[in-house]
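K.L.:
The lines below spell out each chain.
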Amino acid sequence: MNRREPLVLGIETSCDETGIGIVRGRTLLSNTIASSMDEHARFGGVVPEVAARAHLEAMQPSIEAALKEAQVSLEDIDAVAVTSGPGLAGALMVGVGAAKALAVGLDKPLYAVNHLVGHIAADILDDAAAPLEYPTVALLVSGGHTSLLLVHDLTGNVELLGETVDDAAGEAFDKVARILGLPYPGGPEIDRAAVTGDPTAIRFPRGLSRASDREKHRYDFSFSGLKTSVARWIEQHEAAGQPVPVADVAASFREAVVDVLVTKALDACQAYGVPRLLLGGGVIANRRLRDVATARGAAAGVTVRIPPLRLCTDNGAMIAALAAELIMSGHEPSTLAFGADSTLPVTDIQVAVSG
Amino acid sequence: MPRPRAHYPGRVILGIDTSLGTELALVDPDGVVRAEAASLDALGHAEVIGTLLVRVLADAATTAAVGSPVPAGAETVVTHVASGMGPGPFTGLRIGIAAARAFALARGIPVIPVPSHDAVALEALMASALADTEPERFAVVTDARRREFAYTVYDGIDDDGLPLRVAGPALVPRDDIDATVAALGARRLDATRVPAAFIGLVAARALAAGREVADAEPLYLRSPDVTLGHVPKKVGV
Ligand SMILES: [Zn+2]
Numbered sequence: 003m004n005r006r007e008p009l010v011l012g013i014e015t016s017c018d019e020t021g022i023g024i025v026r027g028r029t030l031l032s033n034t035i036a037s038s039m040d041e042h043a044r045f046g047g048v049v050p051e052v053a054a055r056a057h058l059e060a061m062q063p064s065i066e067a068a069l070k071e072a073q074v075s076l077e078d079i080d081a082v083a084v085t086s087g088p089g090l091a092g093a094l095m096v097g098v099g100a101a102k103a104l105a106v107g108l109d110k111p112l113y114a115v116n117h118l119v120g121h122i123a124a125d126i127l128d129d130a131a132a133p134l135e136y137p138t139v140a141l142l143v144s145g146g147h148t149s150l151l152l153v154h155d156l157t158g159n160v161e162l163l164g165e166t167v168d169d170a171a172g173e174a175f176d177k178v179a180r181i182l183g184l185p186y187p188g189g190p191e192i193d194r195a196a197v198t199g200d201p202t203a204i205r206f207p208r209g210l211s212r213a214s215d216r217e218k219h220r221y222d223f224s225f226s227g228l229k230t231s232v233a234r235w236i237e238q239h240e241a242a243g244q245p246v247p248v249a250d251v252a253a254s255f256r257e258a259v260v261d262v263l264v265t266k267a268l269d270a271c272q273a274y275g276v277p278r279l280l281l282g283g284g285v286i287a288n289r290r291l292r293d294v295a296t297a298r299g300a301a302a303g304v305t306v307r308i309p310p311l312r313l314c315t316d317n318g319a320m321i322a323a324l325a326a327e328l329i330m331s332g333h334e335p336s337t338l339a340f341g342a343d344s345t346l347p348v349t350d351i352q353v354a355v356s357g
Numbered sequence: 084m085p086r087p088r089a090h091y092p093g094r095v096i097l098g099i100d101t102s103l104g105t106e107l108a109l110v111d112p113d114g115v116v117r118a119e120a121a122s123l124d125a126l127g128h129a130e131v132i133g134t135l136l137v138r139v140l141a142d143a144a145t146t147a148a149v150g151s152p153v154p155a156g157a158e159t160v161v162t163h164v165a166s167g168m169g170p171g172p173f174t175g176l177r178i179g180i181a182a183a184r185a186f187a188l189a190r191g192i193p194v195i196p197v198p199s200h201d202a203v204a205l206e207a208l209m210a211s212a213l214a215d216t217e218p219e220r221f222a223v224v225t226d227a228r229r230r231e232f233a234y235t236v237y238d239g240i241d242d243d244g245l246p247l248r249v250a251g252p253a254l255v256p257r258d259d260i261d262a263t264v265a266a267l268g269a270r271r272l273d274a275t276r277v278p279a280a281f282i283g284l285v286a287a288r289a290l291a292a293g294r295e296v297a298d299a300e301p302l303y304l305r306s307p308d309v310t311l312g313h314v315p316k317k318v319g320v
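Chain order of the listed sequences is A and B. Residues 3 to 357 in this note's numbering are what the first sequence spells out, letter by letter. Residues 84 to 320 in this note's numbering are what the second sequence spells out, letter by letter.
One thing to keep in mind: the hints can contain errors.
[Stated by the list, open to error] If you want the footprint, here are the derived chain B segments under chain A, 3+ residues with CB under 8 Å:
id	region
1	121-130
2	183-197
3	229-239
4	297-307
[Claimed, not checked] What follows is a set of in silico ranges between Cβ atoms, one per label pair, in the way DEER data are often shown:
id	chain 1	residue 1	chain 2	residue 2	range
5	A	190	B	254	32 to 40 Å
6	A	337	B	229	47 to 55 Å
7	A	3	B	295	37 to 45 Å
8	A	290	B	275	53 to 61 Å
9	A	78	B	275	39 to 47 Å
10	A	109	B	306	52 to 60 Å
Please keep in mind that the hints were generated in silico from the structure rather than gathered at the bench. The beta carbon of each residue, even a glycine, is placed where N, CA and C say it ideally should be.
Generate coordinates for the entire structure from the input sequences, incorporating the hints supplied.
P.N.:
Right, dumping it as structure tokens:
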């Protein structure tokens, strides 16, 4: 196998984006994404069956589009990579089935990798940025996950510091948007509504941030109580016959989410003596989160890295990038004996390693 | 890189079906089975499909089926992938279709969609032809989960050697299957597996006749939102 600058095709289907990425070593050649987001809008959240059907339909055209953009043919590929988990089981399985048959059909090695670690690998493809330094703290925030990681080595040692115990941050945005009568997806809608709002107008709770939470949940997140608190605040307001100040509620809610995310991430940086924080996941699109993280990071002496947005949302390029790193650092391919693992722990960077 | 296809003795069709278990086979265009591999587990399609695919390809390369003109050890060239399109539980069904399409893409060959019940029907029809019995009208019935059966009614074989579909595929509540099948004048034929070799043979006969026997879309027969435990409700306001 070409281990110097391997040409890798990555397949990602863990949620509602069918992502096909092609990289050569650390160079991005294509990042093709087909999203079924619009089909979920009327349900107010990702419907697994809708997502899985869309993956099946988008798979072949997306692979063909990615090859065309990268100007390579399937015969040129050195390896196929696929997300094994975590994610929606039925959605992941479409990618796993396709990746296995593609690898067998081409007689090429297959790397089955972890979606969350893929989010970290996305940073490598940002050629405007300096090389990733270890260790680094990584905060991954999306509609499907909210995780705080300590990355010692992308291909060998990733530690889970904490994660959400209930809703993902992105889910909280969707649910609160619905409470406010705003459409799906909630993130951009809350942002729009918050523009004229006062983020200090209402003091919503910061989940798992009490002194008593420090021992067991110092780096964990909880957003379900926050959502309930917003709903209750609005109900009480309406019961009193007052109009709901949507802008203030949106701004104050967003501030509570951003505050708890940034505070815990920077707390981890300080506790582990790591002056580096990497952000990833679709919720990074939220400008307020980026601004607060950058400003408070600077004040704390922590360098905050934010990959370009198209690499932050779920994509196949990050999966290909992670596999390319594994190949370049001498890791053997996966066997064909693996499935979709919806709860794959972040410590399992690659699954079904052969040999 | 162009692959040799024409004038090749080992031309085979790869049949894949995951509407019930996970079944794969390589068949000659005349229906001679070159290799078969299956897992009859109703779950775990994603886990086993790659290994089973490797196995049928390897077996076809090392064994010649009885009656096949291809000598043992001759290289096989897969010319088409025949994909069972259901009906069947969606999560498993999709894995076979995804694999069929990806393998075809890798090899630069076409996919031929086949209704999964057609394979069961053709097997039954050929068995009754061998037994020299007159085939009666019958309904292939498979589990569709959610307390429903999927059925397709067939009435003999047509001039192209393909099962003659007269009703379905459709879904019916489990308690209503007997009345439904009886009303259509058919005998009930329950199937717990879909032989991939017959997926391949239906495709071969369709190809020979220049016909299409299924659309490219899976036979889901249900809208995707019926799988929702609950549609997220509007909270508050
Ligand atoms: Zn993600």
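K.L.:
Does the Cβ pair residue 190 of chain A, residue 254 of chain B satisfy 32 to 40 Å?
P.N.:
Given about 39 Å between the Cβ atoms, the range holds.
K.L.:
Does the Cβ distance between residue 109 of chain A and residue 306 of chain B fall inside 52 to 60 Å?
P.N.:
Violated, at about 39 Å.
K.L.:
Honestly, do residue 337 of chain A and residue 229 of chain B meet the 47 to 55 Å range at C-beta?
P.N.:
For residue 337 of chain A and residue 229 of chain B the Cβ distance comes to about 34 Å; the hint is violated.
K.L.:
Is the listed coverage of the region 229-239 of chain B by chain A valid when you require three or more residues with a beta carbon under 8 Å from a beta carbon of that chain?
P.N.:
Violated, because only 0 residues of the region 229-239 of chain B bring their Cβ atoms closer than 8 Å to Cβ atoms of chain A.
K.L.:
Confirm or reject the coverage of the region 121-130 of chain B by chain A under the rule of 3 or more residues with a beta carbon closer than 8 Å to the chain's beta carbons.
P.N.:
Since three or more residues must qualify, the claim that chain A covers the region 121-130 of chain B holds, with 4 doing so at under 8 Å.
K.L.:
Would you say the C-beta atoms of residue 3 of chain A and residue 295 of chain B sit inside 37 to 45 Å of each other?
P.N.:
holds, 40 Å
K.L.:
Please check whether the region 297-307 of chain B has three or more residues whose CB lies within less than 8 Å of a CB on chain A.
P.N.:
With 3 residues closer than 8 Å to chain A, the region 297-307 of chain B meets the three-residue bar; holds.
K.L.:
Between residue 78 of chain A and residue 275 of chain B, is the Cβ distance one that fits in 39 to 47 Å?
P.N.:
Hint holds: Cβ distance 43 Å, inside 39 to 47 Å.
K.L.:
Quick check on a hinted range of 53 to 61 Å for residue 290 of chain A and residue 275 of chain B, using CB atoms only.
P.N.:
holds, 56 Å
K.L.:
Are there three or more residues in the region 183-197 of chain B whose C-beta lies within less than 8 Å of some C-beta in chain A?
P.N.:
holds (count 8)
Violated hints, in rising order: 3, 6 and 10; the structure is consistent with all others.
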